[in-house]
Amino acid sequence: MLQGTASDVGKSIVTTALCRIFLQDGYRPAPYKSQNMALNSYVTPDGKEIGRAQGVQAEACGIAATTDMNPILIKPVKDMTSQIVIHGVPEMQMSAMDYRNRFLPKAKDIVLEALERLRRQHDIVVMEGAGSPAEINLKDRDIVNMNLAGWADAPVILVADIDRGGVFASIVGTLELLEPHEAARVKGFIINKFRGDVALLKPGLDWLEERTGIPVLGVLPYIPDMRIEAEDSVVLEKLALRSGPRKELDIAVIRYPRISNFTDADALAGEQDVQVRFVSSADDLGEPDVIILPGSKDTIGDLEFLREQGLAQCIMDRARERNVQIVGICGGYQMMGKRLSDPDAVEGGAREAEGLGLLPLTTIFRKEKRTVRVRGKLAQGHPLALGTPVPAADTPIEAYEIHMGISEWSGSSEDGAYAPLFIMGPGPDGNADSYPMEGHSEGLGTADGSVWGSYLHGLFDNDELRRAWLNGIRLKKGLAPIGETFNARSRKLEEFDRVAAIVRSHLDMDKIYAMSGLRQRVIQE
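Each position in the sequence shown, counted from 1, maps to that position plus 17 in our numbering.
Don't take each hint at face value.
[What the hints assert, rightly or not] Here are the simulated lysine-lysine pairs, DSBU-like style, with alpha carbons at most 35 Å apart:
| # | residue 1 | residue 2 |
| --- | --- | --- |
| 1 | K125 | K386 |
| 2 | K394 | K355 |
| 3 | K493 | K264 |
| 4 | K386 | K509 |
| 5 | K125 | K95 |
| 6 | K394 | K509 |
| 7 | K95 | K384 |
| 8 | K210 | K125 |
| 9 | K384 | K156 |
For the record, the hints were derived by calculation from the structure and aren't laboratory data.
Taking the hints into account, I'd like the entire structure generated from these sequences.
Here it is as structure tokens:
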């Protein structure tokens with residue numbers, strides 16, 4: 018089990034890397050996090066919702082993700098209220114106090130049954146904790162850190178982030194706040210995100226081992242430009258207003274308080290001619306070529322945030338001028354419509370709201386949540402090409418949906434002002450129930466392509482669509498198109514291998530294998 022001295026110390030990345038290493042060495046690993054709090058979620062092949070980190074870790078393991086890998090997902094809706102997703106299905110909304118008092122006492126069976134199924138099916142389960150195990154106000158009902166390690170009889174590796182400072186204090190302080198039987202489970206430390214000469218750190222490492230009697234298993238370097246999808250929106254602090262030379266295409270992604278699935282922009286950021294910035298105020302918006310309104314877990318609340326920050330007016334002004342392309346994904350797509358209605362208080366806030374009025378859509382939120390992987394193709398006459406012949410109609414796409422709203426188009430395709438973007442078919446598993454009506458249209462845009470939106474997450478992971486769409490923007494700016502791009506899936510697998518190689522070379526894998534009860538079969542060059 019990987020636990021951390023705090024949130025965002027790198028537990029998820031180290032877990033991902035160890036999963037990949039075990040796979041490379043001939044084992045069948047699986048990831049596991051009993052309880053995850055995240056807005057960046059992942060749809061499993063059977064249409065269930067789990068934390069994105071566990072979905073990505075499953076990909077690193079070379080296996081399909083299941084809800085056993087994250088049986089409880091908490092998705093914050095408001096500051097004090099969250100949606101509780103159990104085995105991939107939203108079950109209720111609860112306050113933090115109600116969750117602690119009413120739900121946690123019965124959660125042990127849920128998480129242990131899922132873990133036991135994974136242990137029967139795999140050679141090794143790499144478990145990830147949450148936050149810190151030393152949160153003394155939460156420990157008595159813990160189901161994700163030391164209590165779980167005890168139930169599972171799992172050795173614990175404690176991960177600490179040296180980049181934020183105070184690494185030795187955070188490690189020793191964590192141990193001091195653990196009960197003796199909990200501290201005894203800690204079998205090693207990993208110091209993460211180190212920049213500099215490890216020789217200068219050696220006296221501190223020696224002191225730490227002498228003080229605690231626990232070995233330092235390795236010092237991992239800070240890995241710049243890592244391309245493994247992030248789950249926690251904390252990483253957006255580092256991406257906001259990122260510095261560096263301006264690239265030919267500038268894409269601004271609006272960062273509202275309840276932003277979700279912001280990894281939709283990852284593939285765009287990987288293109289050689291694109292810079293992606295996450296912005297949360299009108300002053301920071303600048304003059305981008307594209308403004309993306311991403312997903313949201315509190316669509317009406319985040320729409321109000323846009324108005325409070327002056328962003329709504331900026332976006333509407335730019336849409337009227339037609340000098341910036343406005344794109345909405347899922348919650349952002351809903352915001353672009355004329356009206357949003359939440360009669361059943363699904364989001365827990367205002368029941369009605371006026372949208373940005375950029376598209377002739379009306380959205381009604383329903384209690385039933387749609388989580389599904391889908392396939393389709395670009396529709397004839399779609400507006401994504403900005404007047405150019407690319408991307409071609411019938412270009413195939415794969416994506417996924419996570420939403421609780423239904424948006425209805427109040428116009429007609431006959432007037433030519435708007436056009437659907439996609440024609441959907443059976444999902445990746447061949448299940449025609451993904452869209453019960455064959456030829457169902459999805460998404461909507463203005464005829465000139467300057468404003469468009471869709472419920473589909475992962476659109477830009479479709480290589481042909483992504484590069485052709487970007488080339489359309491280039492042509493509008495008078496720039497020559499770029500023919501070369503990358504394969505998003507291949508790049509993801511290559512990144513797993515790159516990060517695993519770095520982690521392997523800096524960790525004492527012999528000790529990690531010894532504590533896992535496995536032997537090291539193969540060493541990858």
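Now for the hints, and whether the structure bears them out:
A hinted pair counts as satisfied when its Cα atoms are at most 35 Å apart, and K125 with K386 qualifies at roughly 25 Å. For the given pair, K394 sits about 27 Å from K355 by alpha-carbon distance, which is consistent with the 35 Å threshold. For the proposed pair K493 and K264, the alpha carbon gap of about 16 Å is at most 35 Å, so the pair holds. Pair hint K386 plus K509 holds up; C-alpha atoms about 28 Å apart against a cutoff of 35 Å.
Simply put, K125 and K95 have alpha-carbon atoms about 26 Å apart, close enough for the 35 Å limit, and the pair holds. About 23 Å separates the Cα atoms of K394 and K509, which keeps this hinted pair within 35 Å; it holds. The hinted pair formed by K95 and K384 meets the criterion: a straight-line CA distance of about 17 Å does not exceed 35 Å. Pair hint K210 plus K125 holds up; C-alpha atoms about 33 Å apart against a cutoff of 35 Å.
A distance of roughly 33 Å separates the Cα atoms of K384 and K156; the hinted pair therefore holds under the 35 Å criterion.
In summary, this structure violates none of the numbered hints.
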